[in-house]
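Novice: Here the protein sequences line up with chains W and C, keeping their order. First residue of the first sequence? That's 1 in the UniProt record's numbering, and the numbers climb one at a time after it. First residue of the second sequence? That's 1 in the UniProt record's numbering, and the numbers climb one at a time after it.
Worth double-checking, as some hints may not be accurate.
Stated by the list, open to error - Computed beta-carbon distance windows for the label pairs:
(1) W:Ala2 to C:Leu101: 19 to 25 Å
(2) C:Pro108 to W:Gln51: 29 to 35 Å
(3) W:Gln11 to C:His74: 20 to 26 Å
(4) W:Val97 to C:Leu150: 23 to 29 Å
(5) W:Lys93 to C:Leu121: 28 to 34 Å
(6) C:Arg144 to W:Lys93: 15 to 21 Å
(7) C:His75 to W:Phe119: 21 to 27 Å
(8) W:Phe5 to C:Ile122: 20 to 26 Å
(9) W:Lys89 to C:Pro108: 22 to 28 Å
(10) W:Leu12 to C:Tyr76: 27 to 33 Å
(11) C:Leu118 to W:Leu129: 29 to 35 Å
(12) C:Glu131 to W:Lys89: 22 to 28 Å
No wet-lab data here; the hints were simulated from the structure. Glycine residues also receive a C-beta, built at the ideal position from the N, C-alpha and C atoms.
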Amino acid sequence: MADKFESLEQQLELFIENTRQLGIIVSDFQPLGQGQNVLNQKINTMVSEMQEIEKFRPLLQDVHVPLEVFNYIDEGKNPNLYTKDCLEKALEKNEQVKGKMDNLKRFKGLLMVELTKVFPNEMNMYRALKGEDRLK
Amino acid sequence: MADPLRRPEQISPRSSPRDRGSRSPACPRPDSTGTLKTTISLGKNPSVKHTGPFYCVKDIPEQSEITGSTNLLHHYGLEHSYNKFCGKKVKEELSAFLPHLPGNIDTPGVQDNRYSSLRMLIEKPPITGKELSQLSGLALAGFRLHPGPLPEQYRMMHQMPSKKKKHKKHKKEGDKGNALSEAQTVDNASDAESRKPKKQKKEEEKDKDGKKKKKKEKKKKKQKHSPEHTVSHSGETGS
Chain W
1 MADKFESLEQ
11 QLELFIENTR
21 QLGIIVSDFQ
31 PLGQGQNVLN
41 QKINTMVSEM
51 QEIEKFRPLL
61 QDVHVPLEVF
71 NYIDEGKNPN
81 LYTKDCLEKA
91 LEKNEQVKGK
101 MDNLKRFKGL
111 LMVELTKVFP
121 NEMNMYRALK
131 GEDRLK
Chain C
1 MADPLRRPEQ
11 ISPRSSPRDR
21 GSRSPACPRP
31 DSTGTLKTTI
41 SLGKNPSVKH
51 TGPFYCVKDI
61 PEQSEITGST
71 NLLHHYGLEH
81 SYNKFCGKKV
91 KEELSAFLPH
101 LPGNIDTPGV
111 QDNRYSSLRM
121 LIEKPPITGK
131 ELSQLSGLAL
141 AGFRLHPGPL
151 PEQYRMMHQM
161 PSKKKKHKKH
171 KKEGDKGNAL
181 SEAQTVDNAS
191 DAESRKPKKQ
201 KKEEEKDKDG
211 KKKKKKEKKK
221 KKQKHSPEHT
231 VSHSGETGS
């Protein structure tokens, strides 16, 4: 799994490096030198590199990327911030739900105590019906 | 007789009586559907009696192994990831994540080109499915280079990745440049002064003070050696 990502990463880096070199050739073009030939070679190298990248397509069909992470990258932000935000949100929600559940359990306990005071017989029946263990 | 489901003793407590047609209310059967059951008797003295259990008797759902009250980060072994990303400060720039990429990648993708953002890959997907093939000599003729420098707008690519520090310096330089240009204009001179950093201001003030002191000292020396000084001095002494 990690190997295919690493090799794709290497391939992409190679492609980017060739694009950079292509930019240098174009910006520093010498009409008397071999600039045009080198450029033609580079363009075809890029095409072959794109073919190599294309080969990774079937290997990465099962990879799912959250769309929200695209916004971070498009805004020039570190995508690790997305992971950080997700973890923080998950923890916050987890704490909220735990708080709710704890409070409901406490409320249930108090309600049982108070109901037993007012309706002792009914509550005994209720306990007998439900079973003491399940009420805890 | 052939249908065993019609026997009341074999009916599951969870099964709904509606599925099997109407049943006599006189037939007792366990119920855990949580519905409120009543017996309505008509006649001389009509009455409504609650015969079934109230809805609180509804079965409590089975407790699942994982609930919202369990520490989910701990359960899924994400504590290390949490400490990694939330324990220390994560650098906000994209260049911190991809340090080897050439060019300035910290600018929003929408700014430099309308189609260079990743979101545009989804909104306006590129043409795919065509086979990539090497360009022929004729096709390469379209990429013929022209001598001369590249136009300014296409020089973005050659900014090196080590621009981070340079960028900061450049910003300061830019500010200084702005400040200087503004200082040249008479109207905005005070604004430019206010924009200068404190250190620079202090140094300038020191320089000014030093210059003033030097001027004063020079004046004193001149006055000492000047004939007027000697005259006034002698006049004073004479009086």
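Novice: Kindly confirm whether 23 to 29 Å is satisfied by the beta carbon distance between Val97 (chain W) and Leu150 (chain C).
Specialist: Given a distance of about 58 Å, which is not inside 23 to 29 Å, the answer is violated.
Novice: Verify the CB-CB distance for Pro108 (chain C) and Gln51 (chain W) against the hinted window 29 to 35 Å.
Specialist: holds, 31 Å
Novice: Quick one: are Leu118 (chain C) and Leu129 (chain W) within 29 to 35 Å, going by C-beta?
Specialist: Violated, since Leu118 (chain C) and Leu129 (chain W) (Cβ atoms, about 59 Å apart) do not stay within the stated range.
Novice: Confirm or reject the claim that His75 (chain C) and Phe119 (chain W) have a C-beta distance inside 21 to 27 Å.
Specialist: violated, 40 Å
Novice: Quick one: are Arg144 (chain C) and Lys93 (chain W) within 15 to 21 Å, going by C-beta?
Specialist: violated, 59 Å
Novice: Is 20 to 26 Å respected by the C-beta to C-beta distance linking Gln11 (chain W) and His74 (chain C)?
Specialist: Violated, since Gln11 (chain W) and His74 (chain C) (Cβ atoms, about 38 Å apart) do not stay within the stated range.
Novice: Within 27 to 33 Å: is that where the Cβ-Cβ distance between Leu12 (chain W) and Tyr76 (chain C) falls?
Specialist: holds, 30 Å
Novice: If you check the beta carbons of Lys93 (chain W) and Leu121 (chain C), does the distance land in 28 to 34 Å?
Specialist: holds, 30 Å
Novice: Is 22 to 28 Å right for how far apart the beta carbons of Glu131 (chain C) and Lys89 (chain W) are?
Specialist: violated, 44 Å
Novice: Should the hint that Phe5 (chain W) and Ile122 (chain C) are 20 to 26 Å apart at their CB atoms be regarded as holding?
Specialist: Once the Cβ atoms are compared, 21 Å apart, the range 20 to 26 Å for Ile122 (chain C) and Phe5 (chain W) holds.
Novice: 19 to 25 Å was suggested as the range; check whether the CB atoms of Ala2 (chain W) and Leu101 (chain C) agree with it.
Specialist: Check passed, 21 Å falls within 19 to 25 Å.
Novice: Within 22 to 28 Å: is that where the Cβ-Cβ distance between Lys89 (chain W) and Pro108 (chain C) falls?
Specialist: Distance hint for Lys89 (chain W), Pro108 (chain C) holds at roughly 23 Å.
Hint compliance for this structure: hints 3, 4, 6, 7, 11, 12 are not met, and every other hint is.
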